[in-house]
Amino acid sequence: MSWYSLWGALEIGLIFGLVALSVLISFRILRFPDLTVDGSFPLGAAVAATLIGAGADPFAATLGAALAGALAGAVTGWLNVRLRIMDLLASILMMIALYSINLRIMGAPNVPLISEPTVFSVLQPPGVADYVMRPLLMLAAVAGVKLALDWYLATHHGLALRATGANPRMARAQGIATGSMVVTGLAISNALCALAGALFAQSQGGADISMGIGTIVIGLAAVIVGESLFNSRRLAVMTLAVVVGAVLYRLFVALALNADFIGLQAQDLNLVTAVLVTLALVLPLLRQRLRGSRRRRC
Amino acid sequence: MKTSLSAKVLLGAAALVAALASTAAHAQSVAVTSIVEHPALDAIKDGVRQALRKAGYTEAKGLKWQFQTAQGNTAIAAQIARKFVGDKPDVIVAIATPSAQAVVAATKSIPVVYAAVTDPVAAQLVPSMEPSGTNVTGVSDRLALEKQIALIKQVVPDAKRIGMVYNPGEANSVSVVKQMRELLPGSGMSLIEASAARTVDVGAAARSLVGKVDAIYTSTDNNVVSAYESLVKVGNDAGIPLIASDTDSVKRGAIAALGVDYHDMGLQAGRQVVEILKGRAPGTMPSETSGKLQLYVNPEAAKKQGVALPDAFIKSAAHVIR
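So the sequence lines, in the order shown, correspond to chains A and B.
Anchor point for the first sequence: position 198 equals 196 in this note's numbering, and the numbering is continuous, going up by one each time.
Anchor point for the second sequence: position 136 equals 132 in this note's numbering, and the numbering is continuous, going up by one each time.
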């Protein structure tokens, strides 16, 4: 594996770290199985690419993308809370609707950004290779989002959000408006996912209507890999863990792409990735067994 | 305690990754990527390989050939692009728009040959179809519409009004319709449009054209190609001749189609790769469109839709469907 592909895996992994944080909020903290992310990831890409193509400032375009994602998440929450549509179905409906909405926004299935300014090209200092700079910028961005999230979830409002997910009946008994908490939580979650989509489009040359396929699967895999490596219930550790999980997942894909030396072929990629992730998942179990057997011997 | 152990595991993983980092440079190497495995895209890949073999570049003579598909996932396409750029091959061949964009965004120096991109200029791969002056060249699968209009005239010589069914949400189709609107009056014909936003709308759109058109022409629109049978039903029932661009539609009941042969497009892209391997700069080579089109004819369908095809026309076809 070359350094270039390693830095690339780090960069894409950090972008998907935002998706992992998004999934952590919906699935783990709010306990809301939210599939909207499959639509809000390309939504962020579509909004950012279209705005930049129309001459907007890349930072303003990225912010606009996050706001669009927040709106999409809020609609899913509204469908569930106000119209009483089952959580999973509400998110599926929103995901389907976003496909058409994204096509409308882009006006075409593909909007290129190869020769347009992006947040990465604007912040690119001379003398540093761009393939090193982009992951460093992403590291700073993801660290900022992680710390902001840690702070928010420890505030009064954030604690109410966590209570809503942990025990909605108890939360209501304490006077928390659980309905508006679900809407807020999904808005934050999907804003992060759309932000990831906006940054991904800017790092890889354009938005494409097919970008959202499987976002939720990768986000969940990152969350689970992260959780199995860092077995902690502390929130600051959990937010770090899922980002590490997302980066590891990308490293596994990069490793799988380089697996041709043992006779594997292009079509085996998904299988190799699945095997590597499985290994990461059973590692803590093996460690536990090892420790257990040692203890018995003593 | 657990956290520090996990940190060790992470360090171990990082060390493993670094250990696998290879620095070897290769004499002649070609890396090919496509967004998904698909008969047309695979035919392009095989065409590139055959062109290389013909020019004497084989693995036995030291060529390093690499192929990766993104399995339909754009994030993997981006990672494949980074991997290829890191491997520093002599040429990267990128098949289909998302893969080509990911590669072109990742390198400004390694020569890139794209293929199966309908509009490389709109996709910002090249500034124009002329020599780009950059590291990018390739073969577009755009159809020359003049040849398509000539085909319509051959099948239905006295046609005046041409109908088109298309998906308004598909960029490629919209661009074909726009060009046809400008080109048809030059040949004494006019265009009548019917849009089908979903595959289930194709039949209704075709029925809305009955009585208004002398023939129906379709581009490689995904909706129309998916639901071509509903178009065939209308054509057969109302006696409207159907002319397609997707050669497979001829087997399904169109009278004729003049379409791109993807294996041939691969050979064409392969010849560009060979020129670059021999030292030519990709920036001096113009983007090409597929020159060689194949004519598919279905005489049975012609009978059903009320057209008598001349024998000479049937004989000129590369494939006659019986």
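To be clear, the hints were calculated from the coordinates, so they are not data collected in a lab.
Treat the hints with caution; some may be incorrect.
As the list claims (entries may be wrong) - So these bits of chain A aren't anywhere near chain B, every CB distance computed over 10 Å:
(1) TRP1
(2) PRO110
(3) GLY173
(4) GLY212
(5) ARG248
(6) ALA252
Unchecked claim - Cβ-to-Cβ under 10 Å is the rule here; a few derived chain A residues that face chain B:
(7) MET(-1)
(8) ILE10
(9) PHE14
(10) ASN108
(11) SER113
(12) VAL143
(13) LEU147
(14) ASP148
(15) TYR150
(16) GLY203
(17) ILE216
What the hints assert, rightly or not - Which chain A residues face chain B? A few, computed with CB under 7 Å, are given here:
(18) ILE90
(19) LEU91
(20) GLY204
For glycine and all other residues, C-beta sits at the position ideal for the given N, C-alpha and C.
Here is how each hint holds up against the structure:
no.	hint	result
1	TRP1	7 Å, violated
2	PRO110	4 Å, violated
3	GLY173	36 Å, holds
4	GLY212	6 Å, violated
5	ARG248	7 Å, violated
6	ALA252	6 Å, violated
7	MET(-1)	5 Å, holds
8	ILE10	6 Å, holds
9	PHE14	7 Å, holds
10	ASN108	6 Å, holds
11	SER113	5 Å, holds
12	VAL143	19 Å, violated
13	LEU147	19 Å, violated
14	ASP148	16 Å, violated
15	TYR150	23 Å, violated
16	GLY203	3 Å, holds
17	ILE216	7 Å, holds
18	ILE90	18 Å, violated
19	LEU91	17 Å, violated
20	GLY204	5 Å, holds
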